[in-house]
Amino acid sequence: NAGVTQTPKFRVLKTGQSMTLLCAQDMNHEYMYWYRQDPGMGLRLIHYSVGEGTTAKGEVPDGYNVSRLKKQNFLLGLESAAPSQTSVYFCASSYEQNQPQHFGDGTRLSIL
Amino acid sequence: KQEVTQIPAALSVPEGENLVLNCSFTDSAIYNLQWFRQDPGKGLTSLLLIQSSQREQTSGRLNASLDKSSGRSTLYIAASQPGDSATYLCAVLVSNYKLTFGKGTLLTVNP
Numbered sequence: 186n187a188g189v190t191q192t193p194k195f196r197v198l199k200t201g202q203s204m205t206l207l208c209a210q211d212m213n214h215e216y217m218y219w220y221r222q223d224p225g226m227g228l229r230l231i232h233y234s235v236g237e238g239t240t241a242k243g244e245v246p247d248g249y250n251v252s253r254l255k256k257q258n259f260l261l262g263l264e265s266a267a268p269s270q271t272s273v274y275f276c277a278s279s280y281e282q283n284q285p286q287h288f289g290d291g292t293r294l295s296i297l
Numbered sequence: 022k023q024e025v026t027q028i029p030a031a032l033s034v035p036e037g038e039n040l041v042l043n044c045s046f047t048d049s050a051i052y053n054l055q056w057f058r059q060d061p062g063k064g065l066t067s068l069l070l071i072q073s074s075q076r077e078q079t080s081g082r083l084n085a086s087l088d089k090s091s092g093r094s095t096l097y098i099a100a101s102q103p104g105d106s107a108t109y110l111c112a113v114l115v116s117n118y119k120l121t122f123g124k125g126t127l128l129t130v131n132p
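Chains A and B are the protein sequences, given in the same order.
Those letters in the first sequence? Residues 186 to 297, per my numbering, in order.
Those letters in the second sequence? Residues 22 to 132, per my numbering, in order.
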């Protein structure tokens, strides 16, 4: 029972490069979320999805795009990476809005 | 804007001690409050979720309380063990599916 799986676990990018972070959940959850965690800032919501084919902006959406083409997958894209996007990115999912969120182990991303 | 504060930022206790972690929030209009645990280099693990209509939840040695009117929650850990060492995060669910997190309390339980 994998839960929430994030790939890759680590990545180093150069400024201006693009990449996609993948989140997969096997719990048939409707809701999925992308957060970033920075020292002294706590976790902040980037984008979220309330079902297949839907996405919405969170607290810090600028510089990121997302897609939810399949219910089990939620992709986070960086079109032109910037050093300010160096962070640990967490994906989470939940069955309903008012239910516990289940988190992946994170992707540690460094932008040089 | 909802703000969540956790005090203390760090806590070190000897094994076996009972302890309390504190969480406060500025806006009482919440759907629920959740306590998470985060181990170094890992994601968050949900410990307890208290709906806005509830006053407390218990799981094993953990007990969480919620006082919406005063904007406070506490996480009580009984008979602490070294394996309880981790960062504990409090989060409140506000509108628009948004969890607002505190910055956490780093707990160290010494053998």
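I should point out that these hints are in silico values taken from the structure, not numbers from a laboratory.
Beta carbons: idealized from backbone N, C-alpha and C, even for Gly.
Just so you know, not all the hints are guaranteed correct.
[Said to hold, decoys possible] Covered stretches of chain B (chain A as the covering partner; in silico rule of three or more C-beta atoms under 8 Å from a C-beta of chain A):
id	stretch
1	44-50
2	59-70
3	119-130
Right, here's what the structure says about each hint:
Coverage of the stretch 44-50 of chain B by chain A is violated in this model, with 0 residues showing a Cβ closer than 8 Å to a Cβ of that chain against a need of three. Interface restraint, the stretch 59-70 of chain B with chain A: holds (7 residues with C-beta to C-beta distance below 8 Å; minimum three). Given as covered by chain A, the stretch 119-130 of chain B passes the check, having 6 residues with a CB less than 8 Å from a CB of that chain where 3 are the minimum.
Hint violations for this structure: number 1 only, all remaining hints satisfied.
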